[in-house]
Amino acid sequence: MKRGWIALIMIAISLVLGGIEYLYVTSNADAYVKMLDDADEKISHNLIYEAESAAERLDNRFRKQSGIFNIFMYHSEMEHISCDLAMLRRYAQTGAAADFLATSACAKREILAIRDRKILKWENIF
Amino acid sequence: MLTILVRTVLIYIIVTAAVRIMGKRQVSDMQTSELVITLIISEVASLPLENAERPLLNSLVPIMMIAAIELLVSLLMMKSRRARSLICGHPIVIIRNGKMIDSQLRLLRISREDVYSLLREQEISDESDVQYGIIEPNGTLSILTAENIGSNGIQSQELKEELEKVDKEENA
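These protein sequences, in sequence, are chains A and B. First residue of the first sequence? That's 11 in the numbering used here, and the numbers climb one at a time after it. First residue of the second sequence? That's 2 in the numbering used here, and the numbers climb one at a time after it.
Watch out, some of these pointers could steer you wrong.
[Said to hold, decoys possible] Residues on chain B that point at chain A, a partial pick, calculated with CB under 7 Å: (1) Val-16; (2) Ala-18; (3) Ile-22; (4) Glu-54; (5) Pro-56; (6) Met-66; (7) Leu-72; (8) Met-79; (9) Ile-144.
[Said to hold, decoys possible] Label pairs and their computed distance ranges (CB to CB): (10) B:Arg-8 / A:Leu-130: 37 to 43 Å; (11) B:Leu-40 / A:Glu-66: 45 to 51 Å; (12) B:Val-37 / A:Ser-54: 29 to 35 Å; (13) A:Arg-13 / B:Met-101: 37 to 43 Å.
To be clear, the hints were calculated from the coordinates, so they are not data collected in a lab. Heads up, the beta-carbon is just placed ideally off N, CA and C, and yes, glycines get one too.
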């Protein structure tokens, strides 16, 4: 029976890890998309300095959290998003609104794709 | 490279622990399901070593889950004969009282020549020397002669039921 308990503990650890990953990734993905929308809004209204600081906040937050993201996700996905956020910051500094919006859309698409893959749906399971 | 080195050590520890928890068996004694699980674990364990981009957790969690499910299934098989029969199969009598049972051979898709070959491996040249020839769930052939059955007869309930089934089929 001891082995039965070991098996149940292993299943519990796996479920806890899965739950932590799901909550961490989905909640942060939503927050990033919201921040990107906010930055888009600012650059659309030609608020360059505000957009620049929004892009800076995004980039800093992502760099801080990248360690934990790397535990849960493919590192190449993280690199793509990291590059997009660095580009956003640069476009905001140069006031290139069109490039900013395009890169932001690309980053949002990547983040949402990662988020969607973590959701327990039939299409993801199969 | 250092990452891969550390990962290798971690994977080694986890896989060894998983195999240790699942129990001690030689490859030749494994049930089909155990062999498949061992192959899956080895495949999953190799993925983060081949690809450093892949998170280690993506392999560790499946290994833990597979080992845990295997443990639970083995406990279930210990408790329930029906579950054991469903998952591992049951012994099939192919020789009875020195005669091969063709219907059972067809069921197992093995020829008489294959059986002769298995008998030769056990240093038996003539099927008539065999009281019972049984294909075990792990695919090996067990031979029972009149001498090694003993006075108490066959103890295994599973095998007794199988022999009764063969008797019924023969009489029908």
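The hints, checked one at a time:
| no. | hint | verdict |
| --- | --- | --- |
| 1 | Val-16 | 14 Å, violated |
| 2 | Ala-18 | 10 Å, violated |
| 3 | Ile-22 | 6 Å, holds |
| 4 | Glu-54 | 4 Å, holds |
| 5 | Pro-56 | 6 Å, holds |
| 6 | Met-66 | 5 Å, holds |
| 7 | Leu-72 | 4 Å, holds |
| 8 | Met-79 | 10 Å, violated |
| 9 | Ile-144 | 33 Å, violated |
| 10 | B:Arg-8 / A:Leu-130: 37 to 43 Å | 27 Å, violated |
| 11 | B:Leu-40 / A:Glu-66: 45 to 51 Å | 50 Å, holds |
| 12 | B:Val-37 / A:Ser-54: 29 to 35 Å | 56 Å, violated |
| 13 | A:Arg-13 / B:Met-101: 37 to 43 Å | 40 Å, holds |
Checked against the numbered hints given earlier, the structure breaks hints 1, 2, 8, 9, 10, 12 and satisfies all the rest.
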